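Undergrad: One-letter residues, chain by chain:
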Amino acid sequence: MLDILNILSDQGGCQSGGCSSGGCGSSDALWSEGSSACGCSGGGPADLVAEDGAQLRRDFLKNASSIVLGSVTLTLLPGSLGAADKAAGATAASGDSEPLYGFLVDTDKCIGAGKCLTACREENNVPEGQARTWVERYIHFKDGNIQVDLVPEVGYTGEEPEIDPETVDKAYFVPKLCNHCADAPCNQVCPTHASITAPGGVELVDPDLCIGCAYCVQACPYGVRFINHETGNADKCTWCYHRITQDQTPACVEACPTGARLFGRLDDPNSEISQKIRSLPNSVLKEHLGTHPKLHYIGLNGEVV
Amino acid sequence: MSFFRDTLHLWILATIVVVGGVVGFFARQQFIPETYGDKKGRYVVYRAAALDEIKAQPSIWIEDQQCLNCHTDVHDEREGTLHETVACYHCHGRGKKHIEEALLAQKDDSIEITPAEEWDGDFLTKVDFFNANNRKACLVCHESVIGMPKDFKQIVVEKHLKEQEAYEVDSPEVCFECHGYHDTAP
Chain E
1 MLDILNILSD QGGCQSGGCS SGGCGSSDAL WSEGSSACGC SGGGPADLVA EDGAQLRRDF
61 LKNASSIVLG SVTLTLLPGS LGAADKAAGA TAASGDSEPL YGFLVDTDKC IGAGKCLTAC
121 REENNVPEGQ ARTWVERYIH FKDGNIQVDL VPEVGYTGEE PEIDPETVDK AYFVPKLCNH
181 CADAPCNQVC PTHASITAPG GVELVDPDLC IGCAYCVQAC PYGVRFINHE TGNADKCTWC
241 YHRITQDQTP ACVEACPTGA RLFGRLDDPN SEISQKIRSL PNSVLKEHLG THPKLHYIGL
301 NGEVV
Chain S
1 MSFFRDTLHL WILATIVVVG GVVGFFARQQ FIPETYGDKK GRYVVYRAAA LDEIKAQPSI
61 WIEDQQCLNC HTDVHDEREG TLHETVACYH CHGRGKKHIE EALLAQKDDS IEITPAEEWD
121 GDFLTKVDFF NANNRKACLV CHESVIGMPK DFKQIVVEKH LKEQEAYEVD SPEVCFECHG
181 YHDTAP
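These protein sequence lines map, in sequence, to chains E and S.
Here the first sequence stands for residues 1 to 305, numbered as in this note's numbering.
Here the second sequence stands for residues 1 to 186, numbered as in this note's numbering.
Pulled out of the complex, with its shape left as it was, chain S reads as follows (with noise of 0.2 Å):
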């Protein structure tokens, strides 16, 4: 009749929660990513490796100021028109190798940029931005779709040109020869 009689019952609880504790240790060791938890605040609990994944993700899209380095005379054109806010790329293409050639000839003199007639494909110069693209170019924003905002301009092709009274109707440059370049007029 002593206190500790039932002590066995004690034994096996306290060997299940050591058991336990030290197997859950590991467990947790091997379950939980590295670094997780790391960084906690007012968010919830996460990987902190994974934000340093996502951002490591390389960005490809190209920014105006990067044309704009070298072609300092457009922004000028371009300033206070209303196609400020359109940027190089809508019209010219993305003309990633260009830039390459460019970024690497701003570090070596000796490397020459290719004449913008001479390129082919991935960069839309100004010969090809006429012949091959030509005035579609501009019709992909202008030409009238339903849904458009009443103040933007737009157009109908054949009824524009008629109005206009336009002598080459099919001219790739039929846009450009009343609207101009950069200095786009209204």
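Just chain E, with the same shape it has in the complex (with noise of 0.2 Å):
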């Protein structure tokens, strides 16, 4: 440390003779790298005293900022040191047997019913009008134009406006729900560490310290993210965390008469998703953004977003 403090102020002060009375401590020698504002004055008699004064200053700092730093290095030493210890132990006692979940939505099989969208709101008490999960349905038009829709709650009921068959190319659902990624946007800009990734690599939001600020409602690229208008905390679709460690499937899951939702473990490569989605073509939604997704699409258009 002293060693950093000597080259500071070798770099500011002259190597020939002493700086003139105007002072040119170390704590200069940071803004005058070019010697002009601090210049020497050629090393005379008279220079004497004012180097010894110099000199006495410089010590004084030196000894000064070196007594400042290595306090505050002492200080923060022992939590630094916590830290380490603890994340060495929490690593050490995971070990290989921490679950990495994932999800996987067979956008062929979905025939929107709307089941999963009741399951999850009863299942997580979501206040009418909001949503964890919903069902899109893009419907590509024979002119060209493409139409996304949201399913309703109770399905179809035929009091939907009509759409000529005839003029339909093609026609898909797509259920929604939080992609628990990876990388998650979300989580890095909570100011209040509320926004945490539970062991399973599930995104969880900590209702206690959530001050409802949205700023991952923004964040995420998704918007699967919303205030709770009862809570008046940031809500999001958990995976049903309280079901799935107790060896349950998801709400929505457990909902889907078709089966086009399924949750597992990525972990365990013999588990039926890891084989799925080794096995079959699937992607996740908007892959360029890196945020490494633990939610997988089979059967997913380009138009998808």
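What the hints contain is simulated information worked out from the structure, not anything from laboratory work.
Just so it is clear, the structure is predicted and the values come from calculations on it, not from any experiment.
Keep in mind that a hint or two might mislead.
Mimicking DSSO-like on lysine-lysine, the simulated pairs with C-alpha atoms at most 30 Å apart in a straight line are [to be verified]:
1. Lys-142(E) <-> Lys-153(S)
2. Lys-136(S) <-> Lys-170(E)
3. Lys-150(S) <-> Lys-142(E)
Assembling the complex is the task here: the two chains are given apart, and the hints tell you how they should meet.
TA: What follows is the structure, given as structure tokens:
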């Protein structure tokens, strides 16, 4: 540490003689590397006294900064040591047994019955008008237009505006929910550390720490977060964390009548989801953003965002 | 001209460091929530108790297995049919009261489960199923909607009934006459 200070003061000071009485301490050195502001007076006898004073000041600053820096380092040391210890301990304790969950949606199977929507709302007590999961319907018309609408919660009841099947090229349903990104942008912007990645790779919101600032709502590229009108907190799909930690599947998976939603462990190569992701063509949403979602889709069209 | 001439500055610095450290220490204790950072690993720091709070949320969704524990015959009927992935509740409702009663009856023989015909509201019994919910239970999935996969069995009701030459078009049981119940034929 003293070496650094020496180098700093040497850079600013004159090598041949002392500095003028204007003073050229180590603190100034940082700002006057070119020595233009800190000229040298040529090293005559009259400068001896001034040099003494400058030397004293320099020594004082050196010692004082060492003490300050040393004490700051000492203050920080216990904390940093503790953190490192804990990190090492946690990694050793978790080992290979920690699960990594994943979700697979087969858009070829979704029929838009809307059962998953009700299931999620009831299971997680989501207020009316807001949703943790929803199902979009993409309709490609023959004239090149694409229409996207939302599947009603009770399914299509025949009261929706009629669309002539003759004008439609293709149409399909896309269930949407939290992608639980491995590099979650929502997680990074949270000012209170309320957005957390729980063991298992599940993105959760700590209801006690959340202040409802909605930064995460804006940060999420998939629009899965919202501010819950009833609690005032950020709310999102948790993959039913309370269920999956008890070896149950999320409510929407349970409720799907066609098995379009599949939940499982990605860390287990023999699980159904791992095998399907390996063997079937599948993709993730907005891959170019580098968020590494753990929600995969089978049969996803390029227009889906 | 001694080295200790400017020690007052040192004392000021030392005081700032010490007082700041003490204040900081207590402020840290005050402001950091309990159990914060208890579990650290390859994930970010978080409040460990939050996980337990989220885990403690009651699971109200009823899985099929809970029904099949008692209604074992249904499982056999449904096995291998196209409706294998359809859950009990999709047609019969959630039946929370019924399940609660059944679970109590398992522990205590004196409790009798109310016959299905006497249930109202919550549990869509076989009787309710036909009278109140009737064929809508089938049509919520099988009525043709733009966007459905091509290989999914879907009908336009009038067209289908006409094609099949159904006699009682308005009967709530019209679906079951041909397609059966749990062992649904295509």
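Undergrad: Any hints from earlier that this structure breaks? Give me their numbers in increasing order, please.
TA: none
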